[in-house]
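The listed protein sequences derive, respectively, from chains S and E.
Each residue of the first sequence is one higher than the one before, counting from 1 in my numbering.
Each residue of the second sequence is one higher than the one before, counting from 1 in my numbering.
Keep in mind that a hint or two might mislead.
One copy or two, it doesn't matter: identical chains are merged, so the pair holds either way.
[To be verified] List of simulated lysine-lysine pairs, BS3-like, C-alpha gap at most 25 Å: (1) K157 x K186; (2) K157 x K191; (3) K331 x K376.
Just so you know, these hints were derived from the structure itself, not from any lab.
Everything numeric in this text was worked out from a predicted model, so none of it was measured.
Number of protein chains: 2
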Amino acid sequence: MLTQQQVLEGRQQWLGGGYRLFYQEPLHVVRGEGVWLFDSEGRRYLDAYNNVASVGHCHPAVVEAIAAQAAQLNTHTRYLNDAIVEFAEDFLTEFPPELRNLTMTCTGSEANDLALRVARQITGGQGVLVTRWAYHGVTSALAELSPSLCDGFEQGKNVWLIDAPDTFRRQGAFAGGVERALEEMKQAGVKPAALLVDTIFSSDGVFSPEPAEMQRAVAQVRAAGGLFIADEVQPGFGRTGSQRWGFARYGVMPDLVSLGKPMGNGHPVAGLVGRPELFAEFGRRQRYFNTFGGNPVSCRAAHAVLQVLRREELQQNAQRTGEILREGLLKLAARYPVIGDVRGDGLFIGVELVSDQRNTPAPELAAFVVNQMRHKQILISATGPAANVLKIRPPMVFQPEHATLLLETLAGVLADIPL
Amino acid sequence: MLTQQQVLEGRQQWLGGGYRLFYQEPLHVVRGEGVWLFDSEGRRYLDAYNNVASVGHCHPAVVEAIAAQAAQLNTHTRYLNDAIVEFAEDFLTEFPPELRNLTMTCTGSEANDLALRVARQITGGQGVLVTRWAYHGVTSALAELSPSLCDGFEQGKNVWLIDAPDTFRRQGAFAGGVERALEEMKQAGVKPAALLVDTIFSSDGVFSPEPAEMQRAVAQVRAAGGLFIADEVQPGFGRTGSQRWGFARYGVMPDLVSLGKPMGNGHPVAGLVGRPELFAEFGRRQRYFNTFGGNPVSCRAAHAVLQVLRREELQQNAQRTGEILREGLLKLAARYPVIGDVRGDGLFIGVELVSDQRNTPAPELAAFVVNQMRHKQILISATGPAANVLKIRPPMVFQPEHATLLLETLAGVLADIPL
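Throw the hints in and build the complete structure from the sequences for me.
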């Protein structure tokens, strides 16, 4: 085992300059189990951040599925194999009947990038609407519509940025923004291809707007000839508690749904679900072959995750434990005015920190809290354009006792804030 | 287990329209071991096509590495972890000392797409030179420079297509084409970002040009301010026999090297190797975070593949067995004039089929041979703009006895050709 210093130096020496670490004091992890991560000195950390290990770190059912299939067969989709068909048939029952086709990829970036390709081909348009602090992935096409990716963001010329539905500061700005952007596109002679949103607006600061707001935005895009792509890479798979998919909370029907992070509990598997007629039209003009996408090991991993999600009723747990967390956070908000807002659904929670009664964002405070929590062995992070929103998004096996530990620790950190 | 008919119907019903199958009679695979794939009725097929299962289907050392690490920890690179550092340090010894940084992705597409992002940012140029029948991946940015992807290929406006170094028909056309394209770019006011080539020109028909030809092309691009990106997704990892990397056969030094398919023997792991100063400059302006990229399971899988490659001396085997294959194919060429050319290096072989003495491409014949071989339980495919080049690219554990079986079977198929 390497020392922490060796890992730090090794990263510095061997890894490309784009890498970043969490926390002022980076965490050297060596083992994971359920909601716990263990560092190289045997200390355990309550993981209240990682949505990828969605059914719990190293869930035995997923590990076993991967190990068994890897020993049996791992090849591509140009041969017939049972795994992808068994998975697709079962998985698609989780979606509305209109969304009956699955194309598998390896990452959420690949899923969103494919969604763009399909939308642009089908509509004949190039224009894409995304929120002002969106994140949709790392490919060239996605980087130019992911403002949160970097300081020197270069907005694509066919990309329109709209305000997120900020339920804290600017209620109702979203659909109006979509309307204005569509009008601008029209004037610029750009045909809209799609409205692409993370349905819980994770990087924008975690927002769940009123259904009517989302419905209006989606209707406007459709009327202008564009598609609605629901990016479920973060909110999907039951995390929001009340529904399996973030979009379902709004009563809207996407044309395409992109999936990623929690789909394989860490195994690189992702996909794009959508209306069969869209994929059929896309497929008439071109093939889509992703060498690793839909291989039997990835399908068995994703299938095992789905089965655990159902068997252990993790969506219901997200609802219940999420409620306990939010209630506790609201109590803290009543005691500590630095908590300007508590929001989110299920086990996807945003806690906005502010520095005064005008709700001025408090990014330094958020960084302080995140790092103090890490010091006290609770892992969370911060999000939003000002990075002042605590992001609490634990594995979905998070239990009430873990919520209590988080809340008590956070209370201690808030009590320690230097004023 | 599903029947073949059920799998076919399930794919039709549940999978997106972009999917395609190999062979007139698709193959229903259920198990893999070494160079063998087994179908649902227990028949075994000699796999002479799959370069992903590079160290042999279901190699126990790779399966064990995946299973052990998946049970221990699988998380992302914003924590410190030993696996990525141990892998990167060891892996980079396989490259020239100038190429000392690794950024990990999940697929070759992601690696090539990142290479484009880096090249475009570093050079400030947008122009990319690729070969006329190139394939570099499935993202939006790569699709517009991958003519072989589909019939309705839409060439990106900053993309210039150049002739591949066709050693059979047009010796010497490559560097001249690069020169002309750079001149055209200049006149069009497009600054070159990169020359991006698969170093064995797989989709163009499998070519290994003279080193001087490649050196001249690379020098021209450099002189014009562009980078040279070696796409090693297909030729890399020792497959060409004489060298670990396809580019090394030409005595050229890439700025960036993209890796994929064989890297994890089927596990979705890929990466981009390059000059540290390029990644450093890229990283100064933006982060690159790939959620699954560089996770400990993927790193252990890739590390196990590397160790097997060394321990079992598979590059040397590719050299030796490849030589036997080529010698046998040349003997067949002497007997059967439909074989116009035998080429390639190591275990990456192209056999060009022609219909007359003017070397007219014979795609129907190639399809006939590929399907007859499949019928006789030997798996190969066809490539090139006319799909008339048999592509023989087996797992690198392919032994002389397997080469003999392939050659005897091919001789039988060629003897059966309806004239």
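At most 25 Å between C-alpha atoms: does K331 with K376 qualify within a copy, between copies, both, or neither?
within (21 Å within a copy, 72 Å between copies)
Homomeric proximity label, K157 with K186: Cα distance no greater than 25 Å
Close inside one copy (14 Å) and across copies (23 Å); limit 25 Å.
Intra/inter-copy verdict for K157 and K191 if alpha-carbon distance must be at most 25 Å
Intra 12 Å, inter 18 Å, cutoff 25 Å: intra and inter.
In this structure, none of the earlier numbered hints is contradicted; all agree with it.
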